[in-house]
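**Q** Residues per chain, in single letters:
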Amino acid sequence: MESLSTLGIWLAGLASADGTLLVVPLVLPVVGLLLALVLGGRYLGPFVLLLTLLGLAAAAAIAIVVFNGGEALGYRLGGWVPPLGVSLEADGLSVVLLLTSAVVILGVAAYAQRDFRPEPGAPETRGSLAFWMLLLGVWAGLNTVALAQDLFTLFVALELLTFSAVPLVSLDGRAETLAAALRYLLFALLGSVLYLLGAVLLYGTYGTLDIALLAQGLGGYAVGAVPVPALVALALMTVGLMAKTALVPLHLWLPPAHAGAPPAASAVLSALVVKGSFFLLLRIWFDLMPGLLALPVAQILGVLGAVAILLGNLMALQQARLKLLVAYSTVAQIGYLFLIFPLAADAPGWALAGGTLQVVSHALAKGAMFLAAGLVYGALGHDRIRDLAGVARALPLTVLAFGLAGLSLVGIQPSGGYLVKTLLGGVAETSNAWWWGLVLDAGGLLTAAYLVWVLGQAITGSGRTLDLVRRPRPSRELVVLTLAVSSLLLGLIPAQAFDLIAIGRASGPDPIAAAWAGAIGWRGLAAGLWPVAVVAALVLIFAPWGAGARVGPLGWPARGAAALGGVIDGLDVGLRRWPVAGCSLLVLLIGLAAGLLVGS
Amino acid sequence: MSGEILFGLCGAALVGIGLYGVICQPGALRRILAFNLLGSGVFLLFGVIAKRGGGALAAAGEGADGDPVPQALVITGLVVAFAATAIAIALLRRLAEVSGRGTLDEGERNP
Numbered sequence: 001m002e003s004l005s006t007l008g009i010w011l012a013g014l015a016s017a018d019g020t021l022l023v024v025p026l027v028l029p030v031v032g033l034l035l036a037l038v039l040g041g042r043y044l045g046p047f048v049l050l051l052t053l054l055g056l057a058a059a060a061a062i063a064i065v066v067f068n069g070g071e072a073l074g075y076r077l078g079g080w081v082p083p084l085g086v087s088l089e090a091d092g093l094s095v096v097l098l099l100t101s102a103v104v105i106l107g108v109a110a111y112a113q114r115d116f117r118p119e120p121g122a123p124e125t126r127g128s129l130a131f132w133m134l135l136l137g138v139w140a141g142l143n144t145v146a147l148a149q150d151l152f153t154l155f156v157a158l159e160l161l162t163f164s165a166v167p168l169v170s171l172d173g174r175a176e177t178l179a180a181a182l183r184y185l186l187f188a189l190l191g192s193v194l195y196l197l198g199a200v201l202l203y204g205t206y207g208t209l210d211i212a213l214l215a216q217g218l219g220g221y222a223v224g225a226v227p228v229p230a231l232v233a234l235a236l237m238t239v240g241l242m243a244k245t246a247l248v249p250l251h252l253w254l255p256p257a258h259a260g261a262p263p264a265a266s267a268v269l270s271a272l273v274v275k276g277s278f279f280l281l282l283r284i285w286f287d288l289m290p291g292l293l294a295l296p297v298a299q300i301l302g303v304l305g306a307v308a309i310l311l312g313n314l315m316a317l318q319q320a321r322l323k324l325l326v327a328y329s330t331v332a333q334i335g336y337l338f339l340i341f342p343l344a345a346d347a348p349g350w351a352l353a354g355g356t357l358q359v360v361s362h363a364l365a366k367g368a369m370f371l372a373a374g375l376v377y378g379a380l381g382h383d384r385i386r387d388l389a390g391v392a393r394a395l396p397l398t399v400l401a402f403g404l405a406g407l408s409l410v411g412i413q414p415s416g417g418y419l420v421k422t423l424l425g426g427v428a429e430t431s432n433a434w435w436w437g438l439v440l441d442a443g444g445l446l447t448a449a450y451l452v453w454v455l456g457q458a459i460t461g462s463g464r465t466l467d468l469v470r471r472p473r474p475s476r477e478l479v480v481l482t483l484a485v486s487s488l489l490l491g492l493i494p495a496q497a498f499d500l501i502a503i504g505r506a507s508g509p510d511p512i513a514a515a516w517a518g519a520i521g522w523r524g525l526a527a528g529l530w531p532v533a534v535v536a537a538l539v540l541i542f543a544p545w546g547a548g549a550r551v552g553p554l555g556w557p558a559r560g561a562a563a564l565g566g567v568i569d570g571l572d573v574g575l576r577r578w579p580v581a582g583c584s585l586l587v588l589l590i591g592l593a594a595g596l597l598v599g600s
Numbered sequence: 001m002s003g004e005i006l007f008g009l010c011g012a013a014l015v016g017i018g019l020y021g022v023i024c025q026p027g028a029l030r031r032i033l034a035f036n037l038l039g040s041g042v043f044l045l046f047g048v049i050a051k052r053g054g055g056a057l058a059a060a061g062e063g064a065d066g067d068p069v070p071q072a073l074v075i076t077g078l079v080v081a082f083a084a085t086a087i088a089i090a091l092l093r094r095l096a097e098v099s100g101r102g103t104l105d106e107g108e109r110n111p
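Keeping their order, the protein sequence lines are chains E and X.
Mapping of the first sequence onto the working numbering: residues 1 to 600, in sequence order.
Mapping of the second sequence onto the working numbering: residues 1 to 111, in sequence order.
Possibly wrong hints are sitting among the right ones.
Reference listing, derived: stretches of chain X covered by chain E, where coverage requires no fewer than 3 residues with Cβ under 8 Å from a Cβ of chain E [stated by the list, open to error]:
id : region
1  : 2-10
2  : 18-25
3  : 31-43
4  : 67-73
5  : 87-100
Source of the hints: derived by calculation from the structure; they are not laboratory data.
All residues carry an ideal CB built from backbone N, CA and C; glycine is no exception.
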């Protein structure tokens with residue numbers, strides 16, 4: 001660790017003069033990709049691990065420079081100035097994304113060391129080369145999304161991200177995962193074409209794609225006078241990115257893709273890849289056209305987020321397989337990200353801080369959950385939730401990590417999820433929009449319900465001895481536990497860290513520290529715990545615990561719940577049909593465009 | 001009708017046909033082809049903007065000779081669309097080899 005920090009300081013010294021340091025996170029993964037072809041799959045694991053350590057050091061160095069300097073770090077490729085040139089810039093938001101992706105990818109690389117390594121003497125497999133190269137591709141895409149400052153480079157970065165993520169889904173080559181990957185690719189392509197169309201319209205209107213220059217051009221208008229092409233472009237780009245982020249009702253591709261991929265790949269897909277397109281949404285709404293956040297149309301995004309939270313959690317609750325449960329939990333957690341748009345009109349700084357924190361917190365927690373599910377799958381040979389009995393005794397660290405990551409999603413303090421709910425709930429309260437707070441609480445309680453359900457199954461069966469297919473190495477369990485614990489302790493970061501998010505933003509920092517005072521303490525812990533305890537008791541009483549039981553022991557409430565579950569399931573299956581999702585996309589597009597045109 | 005308007009309308013028509021195809025065609029190969037039509041429409045619009053010049057250029061009447069930036073962007077876009085098509089075709093071929101089907105079953109249950 002010490003040598004790492006020395007390296008970081010050296011890198012920071014190297015770059016403080018100009019922004020050359022910004023090139024490192026882009027070049028590292030690409031150099032790795034090229035060298036991977038030379039090295040071959042057998043030695044790639046340790047090599048990629050080394051690269052990710054270097055990448056983490058570079059990201060930390062950038063963070064130090066930006067934080068100490070108090071302003072965004074910029075770099076112009078080849079010395080060309082926009083609009084002709086392409087510029088890179090690391091502001092507070094970029095630094096957060098750089099650091100998060102470096103940490104999660106480091107964790108995944110440490111976890112997956114042996115997953116794809118061919119046996120000594122055996123020929124190399126497809127996965128041993130492809131997994132590591134695709135992981136580097138995802139990393140390169142994310143770093144470019146974090147640093148690029150013009151809409152076309154961001155388009156290319158998003159495509160790099162998608163093209164690396166799609167084959168990760170079908171690494172095992174089974175028919176179901178191939179179909180899931182193809183469905184993911186086609187829907188993501190639909191989203192990227194809409195995004196590109198929006199970029200074309202913006203170029204046609206303003207003659208540039210640089211975000212800062214565009215924001216200057218747009219800033220000259222009052223909210224009521226933004227030209228029509230710019231509004232249509234905003235609607236197109238928003239819907240396109242929503243399709244890539246898998247916001248309900250455009251989530252048809254996410255559950256099969258994320259549940260079917262190998263565990264290490266699922267963790268990257270769920271923790272990071274969907275955040276790439278969301279990050280771009282932040283750039284567009286908060287940097288490009290912040291004035292438009294005050295329009296009623298931002299409520300549409302919030303409502304979709306609320307629907308995602310409820311639908312995703314209710315679907316997670318009735319999944320039979322652990323990985324699908326975690327995938328639907330991602331659908332729900334993406335909903336939280338979109339709650340910030342209706343809340344941003346009154347307190348953009350708080351909403352943005354809440355959204356960024358949710359990106360980080362969910363990335364760590366979901367990475368840990370998918371990796372833990374992968375360890376369970378590897379040990380048992382299946383991930384049927386009803387047959388998990390005895391796992392807690394066989395793999396205590398794994399189940400503990402799953403539970404801790406789950407607590408972060410529920411929002412128990414001091415987790416990152418708790419701070420997200422405090423920040424967003426605080427904004428909702430001050431702007432008299434209590435219903436968003438209600439959605440936040442309901443989502444947390446539903447999350448608690450499926451967490452209790454899974455942990456309850458894992459803890460039962462104390463008398464049984466499990467026949468493990470393969471016992472996971474303790475080091476892998478420790479990696480998972482580290483991710484989970486860091487997500488749980490995220491809430492303990494000092495309030496000053498939030499000044500980082502405001503660096504490089506015109507609005508300046510909001511007094512986040514005010515929201516902090518007294519947020520963490522025993523009273524808050526008790527207030528957060530008793531509803532969860534009630535939910536746990538309800539689940540313990542009503543859930544069908546017995547082997548083979550379809551409904552719980554108490555007649556009508558359980559039957560009612562089962563009927564409701566059937567309705568929700570039918571709704572989800574309907575929404576995830578391809579033509580339905582396609583039409584939802586068009587309806588959303590028209591609705592958003594109309595809302596923007598009428599509202600402004 | 002000026003050339004720009006004609007090509008702009010062609011681009012819009014291609015986008016419309018492509019959107020219809022991607023959403024309504026059941027066969028995966030047809031969806032891939034429709035995506036290419038959709039992309040071509042967008043690139044054509046970009047071409048129109050290159051001819052006309054973007055934003056301030058167009059207002060000042062300086063774009064009549066052509067703005068080279070969109071052309072550079074379209075070339076990159078074409079490469080991206082080509083790569084996307086290649087990945088999609090490769091996935092579809094493997095899917096057909098493994099399972100013998102060329103469609104993505106609608107209403108498919110989760111694996």
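**Q** Can you give the numbers of the hints that this structure goes against, from lowest to highest?
**A** 1
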